[in-house]
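Protein chains: 2
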Amino acid sequence: MEQQRITEYSHRYFLAPGECTPEGEMPITLLLTRIIEVATEHADMWNIGYSTLSADNLAWVLSRVSIEMTQYPKVNRKYTFVTWVENTNRHFSFRNFKILDQDGSTLGYARTIWAVIDSKAREIVDISRFTFLKDVVSDHPCPISTPSRLLPVADDHAKKHCFKYCDLDINRHVNSVRYVELLMNQLPLELYQSCFVKRFEIAYVRECLYNVEVTLNVDSSTNDVRLEIADDNGATHCRARILLEPRSSEL
Amino acid sequence: MEQQRITEYSHRYFLAPGECTPEGEMPITLLLTRIIEVATEHADMWNIGYSTLSADNLAWVLSRVSIEMTQYPKVNRKYTFVTWVENTNRHFSFRNFKILDQDGSTLGYARTIWAVIDSKAREIVDISRFTFLKDVVSDHPCPISTPSRLLPVADDHAKKHCFKYCDLDINRHVNSVRYVELLMNQLPLELYQSCFVKRFEIAYVRECLYNVEVTLNVDSSTNDVRLEIADDNGATHCRARILLEPRSSEL
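Chain order of the listed sequences is A and R. Each residue of the first sequence is one higher than the one before, starting from 1 at the first, in this note's numbering. Each residue of the second sequence is one higher than the one before, starting from 1 at the first, in this note's numbering.
I should point out that these hints are in silico values taken from the structure, not numbers from a laboratory. From a predicted model like this one, the values you see are computed outputs, not experimental measurements. Don't take every hint at face value.
[Claimed, not checked] Under the rule of at most 30 Å between Cα atoms (straight-line distance), these lysine-lysine pairs were calculated in the DSBU-like manner:
1. R:LYS78 x A:LYS164
2. A:LYS164 x A:LYS120
3. R:LYS159 x A:LYS164
4. A:LYS134 x A:LYS120
5. A:LYS78 x A:LYS198
6. R:LYS120 x A:LYS120
7. A:LYS164 x R:LYS120
8. R:LYS198 x R:LYS74
[Said to hold, decoys possible] Residues from chain R that face chain A, not an exhaustive set, calculated with beta carbons under 7 Å:
9. PRO17
10. PRO22
11. GLY24
12. TRP46
13. TYR50
14. MET184
[To be verified] Pairwise CB distance ranges (calculated):
15. A:GLU8 x R:SER51: 29 to 35 Å
16. A:ARG206 x R:LEU209: 21 to 27 Å
17. R:ASN89 x A:ASN57: 40 to 46 Å
18. R:HIS140 x A:ILE144: 46 to 52 Å
19. A:ARG129 x R:GLU190: 51 to 57 Å
20. R:LYS74 x A:ARG149: 38 to 44 Å
21. A:ASN57 x R:PRO246: 23 to 29 Å
22. A:ASN233 x R:ASN89: 42 to 48 Å
23. A:GLU245 x R:ASP224: 49 to 55 Å
24. R:GLY234 x A:GLU190: 25 to 31 Å
All C-beta atoms in this analysis are idealised placements derived from N, C-alpha and C, irrespective of residue type, glycine included.
Build out the structure end to end from the sequences listed, making use of the hints.
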């Protein structure tokens, strides 16, 4: 079926006022929501989406996300996500995204790395079973750098947090977007008014559980902010990077 | 322009897996997001939407929301929001919603009350200036009861909360949906697994400010849970009601 094997998939959206940041832009959290949505839609077209996999207790999970933007979609404008798979191996699918403004200009790119987990066995499964994946790889360019190494973060004033009901997704895991929201919330409003997020990276290491206290380590001593969510023993749940750039240079 | 004066507006959506609750249903928070979205779209068609009003520093704000559902939209299904204005007066617009499943069956209704505020003067403006509003009132039935009286809530174990960056909307107010999320998070996961939210009500009284500590009063002694967000002096920011019904009676 030709329709199921298209290598590039795109979805056009409209940025409603109710979805925007105080700066009238698309928030990183919505950007990640759209990444997950269009990835799911594209996988659905290949019959390896949520419905097919969940019948076998399998689910795609995000391992890494790197987003780099020159501008964000703006209020009351249309924008488009284009997605394609750059590469796959036994464990991971490397899926990229291009984000375009309604006039067709490029706003930014994202790189993501996905795995498939067996939710009963709680382990990563071999995705070479999806034999056609190697045939749908696209050579669409993605001119942003691959994920950088995210080191542990020290913080003498670490805060505590508990994920609650609205943070949980359909698999009863903490929704990938909620980690990002929590991390973004560690920086003050004034900083987002003077700077925009030039690059955002997150590495999901080990899931947080409902109502279990976690520790938030933040190093915001430079514009290259490093963040980590860890458990009480210091083991990492996720690490992230928020690279800020002054807004004046963009406008 | 005939097109601008249609009394009923509808928008069809698809419930993606990434948007669902652990129960595989549409969350109340997304339901409210859609309410705000289709209300904005309908107002846009009448040229009294976000773009037009924001030029005069005006904005529609939610005063009351009452939602009553027999079922929620389910994962990987389409659903439709239909909206119309039931009534208006000098201060408020009474806008209702019907939520339909993809097979056309009724899932529930919502009643909302909106005001227009002048964001510079920080006061409610007279909406009788929108003279055509009285001509676009619809007699579409809305068979759920009007908002009930929400009394103050006493709580000897009140928690504290601070709204952060990701809670802010384009007007730098706490997003209406974020109050609901915070309130829903006061009840445990197990309760949502055994019960569904039959009716949800919220009265927005006075906005919360960024990074200012508020108090959460919750009375969950019955299935008719009462909640309140108040400031340190006990003045109300909002009051809400979560009426739970055992799931067994629904399935």
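Consistency of the hints with the structure:
Between R:LYS78 and A:LYS164 the CA atoms are separated by roughly 27 Å; this keeps the pair inside 30 Å, and the hint holds. A distance of roughly 22 Å separates the Cα atoms of A:LYS164 and A:LYS120; the hinted pair therefore holds under the 30 Å criterion. Note on R:LYS159 and A:LYS164: the hinted pairing holds, with a Cα-Cα distance of about 14 Å set against a maximum of 30 Å. A distance of roughly 27 Å separates the Cα atoms of A:LYS134 and A:LYS120; the hinted pair therefore holds under the 30 Å criterion.
The hinted pair formed by A:LYS78 and A:LYS198 meets the criterion: a straight-line CA distance of about 21 Å does not exceed 30 Å. Among the hinted pairs, R:LYS120 with A:LYS120 is inconsistent with the structure: their alpha-carbon atoms are about 55 Å apart, more than 30 Å. Between A:LYS164 and R:LYS120 the CA atoms are separated by roughly 36 Å; this puts the pair beyond 30 Å, and the hint is violated. Taking the CA atoms of R:LYS198 and R:LYS74, the gap is about 15 Å. The hint holds against a cut of 30 Å.
Taking 7 Å as the C-beta cut-off, the interface hint given for R:PRO17 holds, the closest approach to chain A being about 4 Å. The closest approach between the C-beta of R:PRO22 and any C-beta of chain A is roughly 5 Å, which is under the 7 Å cut-off, so the hint is satisfied. Interface hint at R:GLY24: satisfied, since its Cβ lies 5 Å from the closest Cβ of chain A, which is below the 7 Å cut-off. Contact between R:TRP46 and chain A, as hinted, is not supported at the beta carbon level, the nearest pair being about 15 Å apart and thus beyond 7 Å.
The closest approach between the C-beta of R:TYR50 and any C-beta of chain A is roughly 4 Å, which is under the 7 Å cut-off, so the hint is satisfied. Because the smallest distance between the Cβ of R:MET184 and any Cβ of chain A comes to about 5 Å, under 7 Å, the interface hint for this residue holds. A C-beta distance of roughly 32 Å is found between A:GLU8 and R:SER51, which places it inside the suggested range of 29 to 35 Å. Distance hint for A:ARG206 and R:LEU209: a CB-CB separation of about 35 Å, inconsistent with the stated range 21 to 27 Å.
Our hint of 40 to 46 Å for R:ASN89 and A:ASN57 is violated, since their Cβ atoms are close to 54 Å apart. Look at R:HIS140 against A:ILE144: about 49 Å separates their beta carbons, and that is inside 46 to 52 Å. The beta-carbon spacing between A:ARG129 and R:GLU190, approximately 36 Å, falls outside the hinted interval of 51 to 57 Å. R:LYS74 and A:ARG149 have their C-beta atoms about 42 Å apart, which keeps the hinted 38 to 44 Å range intact.
Distance hint check for A:ASN57 and R:PRO246: the Cβ-Cβ separation is about 27 Å, which falls inside the suggested range of 23 to 29 Å. At about 59 Å, the CB distance of A:ASN233 to R:ASN89 disagrees with the hint of 42 to 48 Å. Range check, A:GLU245 to R:ASP224: about 50 Å between beta-carbon atoms, so the 49 to 55 Å window is met. In this structure, R:GLY234 and A:GLU190 meet the distance hint of 25 to 31 Å, their C-beta atoms being roughly 30 Å apart.
Checked against the numbered hints listed earlier, the structure breaks hints 6, 7, 12, 16, 17, 19, 22; every other hint is satisfied.
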